[in-house]
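J.: As you go down the protein sequences, you meet chains A, B and C in turn. The numbering used here puts the first sequence at residues 265 to 728. The numbering used here puts the second sequence at residues 59 to 321. The numbering used here puts the third sequence at residues 3 to 322.
Simulated from the structure, these hints should not be mistaken for lab results. Hints are supplied without guarantee of correctness; some may be wrong.
[Said to hold, decoys possible] Capping the alpha-carbon separation at 30 angstroms, the derived lysine-lysine pairs in BS3-like fashion look like this:
{"#": "1", "chain 1": "C", "residue 1": "124", "chain 2": "C", "residue 2": "104"}
{"#": "2", "chain 1": "A", "residue 1": "270", "chain 2": "C", "residue 2": "17"}
{"#": "3", "chain 1": "A", "residue 1": "270", "chain 2": "C", "residue 2": "73"}
{"#": "4", "chain 1": "C", "residue 1": "10", "chain 2": "A", "residue 2": "270"}
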Amino acid sequence: MRRNNKSNLIGVGVFFLLCAGLLQRLAIYPTWTRDYNKSRTQINTSLDPQQMMFALAGFREMLAGILWVRADAFFDTGNYDAILPIIRLVTLLDPQQIDVYATGMWHIGYNFTDEEQRSDRRYIPSALALGKEGCRQNPETYEMFFETGWMWYHKIDDDYPEAVKYFIEAQQRPDMIPARKNLLMMAYQRNFQIDDALNMGFKLYDDALKRVEEDGASGNKQNRDTLENNIDTMLVRMVQRGYVAEKAGRSTAKYDISPPFDVGFSAKVTVLEPMVLRVEGTWNVRPVGTRVRIVLRDKDYTVVDHGVTKNIGRPAGMDWDFSNDVNLDPPRDKTFMQDQLFVKNTRFNKKIDMSKDPPMYPFTSDKYLIEFYYNPRSAPPHIQDKFGWNGEGMTDKHFLNDKVRPGQKCIYYAMEVPRDAILLHGQYQDKHPVFKTPNYVETKQDYNQDQILLDIPSLRASGK
Amino acid sequence: MRQILSIATTTVGEAIRRRVLLIILLIGVLFLVVAPGLGVLSARSETVVLRGMMLGIIQLTSAVIAIVLTVYMIPNEIERRTIYTILSKPVQRWQFLIGKYLGAVFSLGLMMALMTAVLVFVFWLQASDQSLAAVGAMVKAPTMYFVQMSLLAAVAIFFSTFVAPLVNFFLTGGMYLLGSLFNPFFQTLQENQGTHPVTKAFAGIVNTILPNFANYNVQNPIINPTQVIQNESRYYLEVTFYGLFYIGILLVAGILIFDRREV
Amino acid sequence: MAAAIETKQLTKSYKSRAAGNINVVDNLDLHVEEGEIFGFLGPNGAGKTTTIKMLLGIIYPTSGEGFVLGKEIGDMAVHRLISYLPERPYYYEHMTGLELLKFYGSLFGIYDEAKYRALLEKVNLHRDMTKTISQYSKGMQQRVGLAQSLLNDPKLLFLDEPTGGLDPIAHREIRDLILSFRDEGRTVFISSHELSEVELICDRVAIINKGIIERQGKLTELLHGGRIEITVGGVDEAFLKGLNIPDSNIRGLPVGVLMDMPEEQDPNGIIDAVRNRKGTVISVVPRRKRLEDLFVETVTNPALGGKPSVPPAVAEEIVK
Chain A
265 MRRNNKSNLI GVGVFFLLCA GLLQRLAIYP TWTRDYNKSR TQINTSLDPQ QMMFALAGFR
325 EMLAGILWVR ADAFFDTGNY DAILPIIRLV TLLDPQQIDV YATGMWHIGY NFTDEEQRSD
385 RRYIPSALAL GKEGCRQNPE TYEMFFETGW MWYHKIDDDY PEAVKYFIEA QQRPDMIPAR
445 KNLLMMAYQR NFQIDDALNM GFKLYDDALK RVEEDGASGN KQNRDTLENN IDTMLVRMVQ
505 RGYVAEKAGR STAKYDISPP FDVGFSAKVT VLEPMVLRVE GTWNVRPVGT RVRIVLRDKD
565 YTVVDHGVTK NIGRPAGMDW DFSNDVNLDP PRDKTFMQDQ LFVKNTRFNK KIDMSKDPPM
625 YPFTSDKYLI EFYYNPRSAP PHIQDKFGWN GEGMTDKHFL NDKVRPGQKC IYYAMEVPRD
685 AILLHGQYQD KHPVFKTPNY VETKQDYNQD QILLDIPSLR ASGK
Chain B
59 MRQILSIATT TVGEAIRRRV LLIILLIGVL FLVVAPGLGV LSARSETVVL RGMMLGIIQL
119 TSAVIAIVLT VYMIPNEIER RTIYTILSKP VQRWQFLIGK YLGAVFSLGL MMALMTAVLV
179 FVFWLQASDQ SLAAVGAMVK APTMYFVQMS LLAAVAIFFS TFVAPLVNFF LTGGMYLLGS
239 LFNPFFQTLQ ENQGTHPVTK AFAGIVNTIL PNFANYNVQN PIINPTQVIQ NESRYYLEVT
299 FYGLFYIGIL LVAGILIFDR REV
Chain C
3 MAAAIETKQL TKSYKSRAAG NINVVDNLDL HVEEGEIFGF LGPNGAGKTT TIKMLLGIIY
63 PTSGEGFVLG KEIGDMAVHR LISYLPERPY YYEHMTGLEL LKFYGSLFGI YDEAKYRALL
123 EKVNLHRDMT KTISQYSKGM QQRVGLAQSL LNDPKLLFLD EPTGGLDPIA HREIRDLILS
183 FRDEGRTVFI SSHELSEVEL ICDRVAIINK GIIERQGKLT ELLHGGRIEI TVGGVDEAFL
243 KGLNIPDSNI RGLPVGVLMD MPEEQDPNGI IDAVRNRKGT VISVVPRRKR LEDLFVETVT
303 NPALGGKPSV PPAVAEEIVK
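Construct all of the structure, not just a fragment, from the sequences and the given hints.
T.: And the structure:
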């Protein structure tokens, strides 16, 4: 090659290098990081070096797919412990895999249960954190917002403003499925935003009518009919529960919520064996459908978050939303048992056996709380028809409480129980310690006989 | 030009008959065909997993083919002494090198087209959304991978002008890994507050002047179509030009070295 | 006559860690006339292929200069006029003989199917031209190689060990082809260590050893210095000795007496003398110096190269 040819070639090479470099820095890199590498710098821990290499070298999605398929095998065998890390890995590798987020959240929130099918609520903050991360990673689509809202609405069944917040977010995404929008109307009601619920109902109904006009598919018609029915029922309830009267500044004395009904709550807890409790008590509501929440938890439910010890416990619950970190390892030294006490014939009586699941109920602290909690907002509609959305039609001589959930009327009672009493250690050895509300009255009456009286009006057209 | 084309065509004829390449290709195609059997989850998730896996299989197979195909190309010509019969004819060395490179790219194109056809077919059979747009979207990724693999082949042919095939295999493979890591690595450094400015500047230089394979990993939004991206075609055009520039750089460097090479 | 190849102090040296600089080709002065078959001889590793590669511009000389067909080596224009058949070449096996010619033809811009067929016929492959190279025997591969080397109607052919590894029949075919090239007016440069072949076809030879040309010249001149053997009956050894022929050896045989003498001596005088003594002349056989002798002599004689280059045993091995 001649010398001048050679220098020409070198010149061309240098020019190309300049072009490539400029293109890379000015145009490609900014677009790539914005659009094609959404997982950002998340990949930092959880992966071992080979996985990391493979993942970063552009096979992230493939690896995620392979792992997800592997997780499926564990689903089949019920090996839930093995699935969690995989789910976490997949979401790290391909944060656009919404199903993995959704499945993972559902799985963490619901699937870890004890022998009596009580789920391990220590995991819920992790489930929520995963949900929140899914929302952050996939802000364009409604799905993770909806799923996270559902976790609040259905699983936590408390803190309804959170459910409302997420359902609104979901609603704002264009891909939200119409039928799922109805849930916001329900969440508004639980959050005592009756006007918002009604407005939402009407808005959805208008949309539903439009859709039927555009496409008379049966699904669209069905949704329209459902909405019509829901609005209908809601309007009747607004009247019957005295909401309309109250809004108009009139007396609510003649409506169903008056006079407030005394639920007459009392309870007694007997430790039958170590970690086995018998819970009995009274609740004067005869129609079926009452569930009183019982919680047994560390008096100081503390967790370490970013090196800071936080007491996240609160009456009959905890600060579910305390962390944004997906921590798959729940506080193993903490105990949080939650169950429902079904009321039948004005009594509840349940044996709670925690002895078979020591990992879930480690009982490592000295002091525990047994809490009873009832909130009419999550009551079934036929009971709510008497109690009102916010407990206006409910009272209790001893335990009515508007502090534990500010602005809401609840029934709440907490009893402090030492660990030794639950484990029958020390002074409680060979004893059956009993803890009860001061008003608890021993009785020999047989409450198993059916004597249901329909003293609460039904809303059905037939009157039944 | 006719010399380049003749050499390129002959190279294709040889490459598509190389058993080791055909076996790799066959394995790739087999994986593509069985891939749907692996995703047995919910319908949408299945499609996501399927897309991710199939595109991954194509990319991985193509990368292996690109490297294996190219690292042996020049050394084989020398070892079999065919290069002497060619270079003793009125063929310049740069023509030979470019002819060989183009042959490699054509062969890669053929093999990747085959895999893409299988991908489209299998995906069309399996996917819930069989619209032309959905299937067409799938083809975007292999197209970008083709540019990526052409760049990879250029790296391999550049190295093959002065190192032995086995060394080249690891060099090129390493460059591919490294080049795929630049973007994420650079991004991490940029976003990390604690990074020393000198390190940042150095990473910036490296990210600017070394061939960047990560640019072509465009599969994420294709696998997860909910993701909104902007100016897709402009980006594709930019990375294609980037690839062409870089291939140009590598070929020029390769020619300069190969011209003085004693074969 | 113009020189087809001319080199002046052409040198190629490599650096070796153990031995420092090694001159694989050392100050080579080569002169090949147009239209001749030139034999380039030497043991393995003597620098034959290196020289050819330099002449073809495939590798670059360390020093010195060389001209091929009057142009400095490396000139691309020359490549249109020359061709090269490497030692034991390999061709793209997936191609048929015809396709191979098409490929090489296209490198010259020759797209003449009739020419391909004619060339294949010339090398006797016209019946096998649709078979792939992978089905060809070694001899066929060599022949198809010769066919491709004729594509551009070359003025000068470089043939590196053209008969290497072939059976005797294939040898003969190739040899005849090479001779036909000369008849067509081409210059043929053959590198070989198969001396019997070279002796049969070459006009001039150069013997290279350890990168140095030991001998170069017309074959007839180089082999000059043979002897004549005369076997006679009816006379005794003393009679022959009495003739006083210089540098002669005489010994008795069962059939008579054998005398060998330098070929410069006139045998007629001896024959006449024997006849005059009523003796019979049984045979007169000229014993030419063989190339083999010359080769062994050259590569083993320290006086010629100034140093013992190849031990005699190795040289014997080579010429076999």
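J.: Hint compliance check: list the failing hint numbers for this structure, sorted ascending.
T.: Hints that this structure does not satisfy do not exist here, as all of them hold.
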